[in-house]
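As they're listed, the protein sequences go chains B and G.
The numbering used here applies: residue 2 is where the first sequence begins, and numbers increase by one.
The numbering used here applies: residue 3 is where the second sequence begins, and numbers increase by one.
The set of hints was computed from the structure by calculation and includes no laboratory data.
Computed from a predicted model, the values in this text were never measured in an experiment.
Be careful, since some hints might not be right.
Here are some, though not all, of the chain G residues that point toward chain B, as calculated from beta-carbon distances under 10 Å [as the list claims (entries may be wrong)]:
| hint | residue |
| --- | --- |
| 1 | I206 |
| 2 | S238 |
| 3 | L241 |
| 4 | H244 |
| 5 | P246 |
| 6 | P301 |
No residue lacks a Cβ here, since even glycine has one placed at the ideal position from N, Cα and C.
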Amino acid sequence: MNSVIKYFKDIFYGVSTLWAGMRVTGKYFVSPGQIVTQKYPENRATLKMADRFKGEIIMPHDDNNQHRCTGCGICEMNCPNGSIEVLTNRVPNEDGKVVRVIDKHVYHLSMCTFCGLCVKTCPSDALAFGQKFEHAVFDRHKLTKILNREGSSLKKEVKS
Amino acid sequence: MSEEIIKDVIIGESDDYIINMGPQHPSTHGVLRLEVCLQGETVKYLIPHVGYIHRGIEKMCEASSYPQIIHLTDRMDYLSAHMNNEAVCLCVENAMQVEVPERVKYIRTILDELNRIASHQLWWCAFGMDLGALTTFFYGLRDRELILDIFEESFGSRLLHSFNTPGGLMHDIHPNFQKRVKDFITYFRKKLPEYDQLLTGNVIFQQRAKGVGLMSKEKAIAYGVTGPSGRGSGFSCDLRKHAPYSAYDKVQFNEILYNEGDTFARYKVRMDEMWESMNIIEQLIDNIPDDGFTAKMKPIIKLPAGEYFQRVETARGEFAVYIVSDGNKTPYRIKFRSPNFSNLFVMNELASGGKIADLIAISGSLDLVIPDIDR
Chain B
2 MNSVIKYFKD IFYGVSTLWA GMRVTGKYFV SPGQIVTQKY PENRATLKMA DRFKGEIIMP
62 HDDNNQHRCT GCGICEMNCP NGSIEVLTNR VPNEDGKVVR VIDKHVYHLS MCTFCGLCVK
122 TCPSDALAFG QKFEHAVFDR HKLTKILNRE GSSLKKEVKS
Chain G
3 MSEEIIKDVI IGESDDYIIN MGPQHPSTHG VLRLEVCLQG ETVKYLIPHV GYIHRGIEKM
63 CEASSYPQII HLTDRMDYLS AHMNNEAVCL CVENAMQVEV PERVKYIRTI LDELNRIASH
123 QLWWCAFGMD LGALTTFFYG LRDRELILDI FEESFGSRLL HSFNTPGGLM HDIHPNFQKR
183 VKDFITYFRK KLPEYDQLLT GNVIFQQRAK GVGLMSKEKA IAYGVTGPSG RGSGFSCDLR
243 KHAPYSAYDK VQFNEILYNE GDTFARYKVR MDEMWESMNI IEQLIDNIPD DGFTAKMKPI
303 IKLPAGEYFQ RVETARGEFA VYIVSDGNKT PYRIKFRSPN FSNLFVMNEL ASGGKIADLI
363 AISGSLDLVI PDIDR
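Work out the full structure: start from the sequences and follow the hints.
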C-alpha cells in the first residue's frame with residue numbers, strides 16, 4: 002500500500018516541480034516586459050558602441066590633415082604579435098637638421114589581439130581605439146591598413 | 003616480468019567497444035576527445051586526449067616582456083580572464099616589491115567577483131543545456147549580457163579584457179561603473195531565485211544530478227581537484243579564504259562547502275557562490291578609495307633573478323603562476339598551473355561504471371574550459 006501512495010506522491014511532486022518552472026517561462030511569455038534582444042543589423046544607424054570600445058586602432062587626424070605620430074617605434078616594440086610596423090624616412094627640416102619623419106604606419110588588423118599596449122605606451126598619444134567593429138572582408142590583404150593619411154604631416158606642438 | 007607489467011598497463015581488451023566523444027562534440031564545450039570504452043550503455047573506462055588546441059602559450063611567454071604576457075593569459079581560461087591576468091600581475095608586483103594603491107586592490111576584487119558571476123552564469127546555461135533544458139540557456143545569457151555591458155563600458159572589450167597590468171590597471175574605471183554594478187546587483191538578486199525555480203527544483207534535473215559522479219574528499223585531494231568541483235566534495239580549498247590576495251582580507255564571506263560530492267553538490271556550490279560574490283561586491287563597491295589606479299613602474303620591467311610563485315582562485319579552481327627569472331626583461335621559464343587540467347583527469351574515476359548519459363552530466367558539472375587544459 003505504501004508503495005502505491007509513494008508512486009502517486011512522486012507523480013504529483015514531479016508535476017508540481019515542472020509547473021514551477023513552466024510558471025516562470027509562462028510569465029515571460031504573457032508579459033515580456035522589455036525586449037532584451039538587440040535588433041542588430043536593423044539598428045545599425047542608431048547603434049552606438051561604448052566610448053572605450055576596442056574596435057580597431059586608428060590614428061586621429063585633425064582638419065589640417067595633421068597627426069601626432071613622431072615615428073619613434075615604441076608601439077612597434079610593445080606590440081606582442083608584430084601587428085604594427087613603423088616605416089620612417091630621414092629628411093631635413095626647415096633648420097637644416099635631419100629629423101625622422103613617419104612614412105607609413107602599417108597596421109595588420111588580422112594579427113591584432115586588442116591588448117591595448119600600443120595605445121597605452123604611445124608617448125605622444127598618436128594612436129586611439131576606433132569604434133568600427135564590422136571588419137569582415139573577402140580578401141585578407143584588405144586587413145593590412147596604413148594608418149597615416151596621404152599627405153599628412155606632424156603637428157607643430159608635438160616634439161619629434 | 004616485463005610482459006606482466008605491460009598486461010597491467012593495457013586496461014582494455016581487444017573486444018571492447020570504444021567510441022570517441024569529441025573532439026567536435028557539443029557537450030565537451032571545446033575540442034576535447036574522450037576515448038570512451040563501453041559495455042552496452044555502461045562506461046567501462048575513459049581516456050581523455052588533450053592537445054587539440056595547444057598553442058604553446060608558456061613558450062610564447064618566454065619571448066614576451068611581462069606586460070605582453072598579460073594578454074596571453076586571457077586566452078587560457080577565457081571565462082575568468084580577469085583572474086588569470088591578476089595572477090601574473092600579482093606575481094610580478096611581489097617580485098619587484100611594488101605596493102599597488104588600495105584603489106587597484108578594491109577594483110580588482112570587484113572585477114574578480116563580477117567575472118566569477120558571469121562565468122557561473124554561462125556554466126549554468128550550458129549545464130542546463132547539456133541535460134536537455136534549453137530554456138536555461140536563454141535566461142542565463144540574458145543576465146550575463148548585463149555584466150558584459152559593464153565590462154565593455156569600462157575596458158572596451160567583453161570577454162578578453164587585458165585590463166590588469168603589472169603595477170595597476172590599464173586605465174581608471176568608467177564614471178558610471180559603480181552605479182551600473184549596483185543596479186545589476188539589485189536586478190540579479192531578483193532574478194537568481196528564478197534560476198532555482200527553473201532548474202534546481204526540477205524533478206528531471208534532480209534525478210539526473212543527484213548521486214551521479216560521486217567524488218570523495220580523498221579523491222578530490224589526490225587528483226588536485228580545486229574550485230567549486232572540489233568544494234562540492236567537502237575539500238576546503240578556497241584561496242580567497244586561505245591565502246587572501248588583493249582586498250579579500252577586508253571582506254566578510256563564507257566559503258561554500260557541500261559534503262555530498264555528487265553532481266548536484268557541485269551545482270549547489272556554484273549557485274551559492276553567486277550569492278556570496280554579490281555580497282562581496284556590495285561590501286566593496288561604495289568604499290573604493292581614491293588614490294590612483296597605478297603604481298609607479300619603470301618603463302621596462304625587469305624582475306630580479308630568482309623564482310616567484312603566486313596563486314589565485316579563478317571561477318574553476320586554483321590558478322598558479324611560477325616564474326623563473328634570470329634578470330632579463332623576459333622570463334627564463336614560466337609555468338601555469340591551470341585548474342581545468344587537474345579537474346579533467348578525475349573524470350575517469352567519476353564516470354567509470356555509470357551510464358553514458360551520466361558522463362555528460364559529470365563533464366558539465368566539472369565546468370571544463372578546454373583552452374585552459376591545453377594552453
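Outcome of the hint check:
1. Because the beta carbon of I206(G) sits about 8 Å from the nearest beta carbon in chain B, less than 10 Å, this interface hint is met.
2. Because the beta carbon of S238(G) sits about 32 Å from the nearest beta carbon in chain B, more than 10 Å, this interface hint is broken.
3. Below 10 Å, beta-carbon pairs count as interface contacts, and L241(G) has none with chain B, the closest being about 26 Å; its hint is therefore violated.
4. Restraint check, H244(G) versus chain B: the minimum CB separation of about 32 Å is more than 10 Å; hint violated.
5. With 10 Å as the threshold, the beta carbon of P246(G) stays out of range of chain B, its nearest partner Cβ sitting at about 28 Å, so the hint is violated.
6. At about 8 Å, the closest approach between the beta carbon of P301(G) and any beta carbon in chain B falls short of 10 Å, and the interface hint on this residue holds.
Hints 2, 3, 4, 5 from the list above are not met by this structure, while the remaining hints are.
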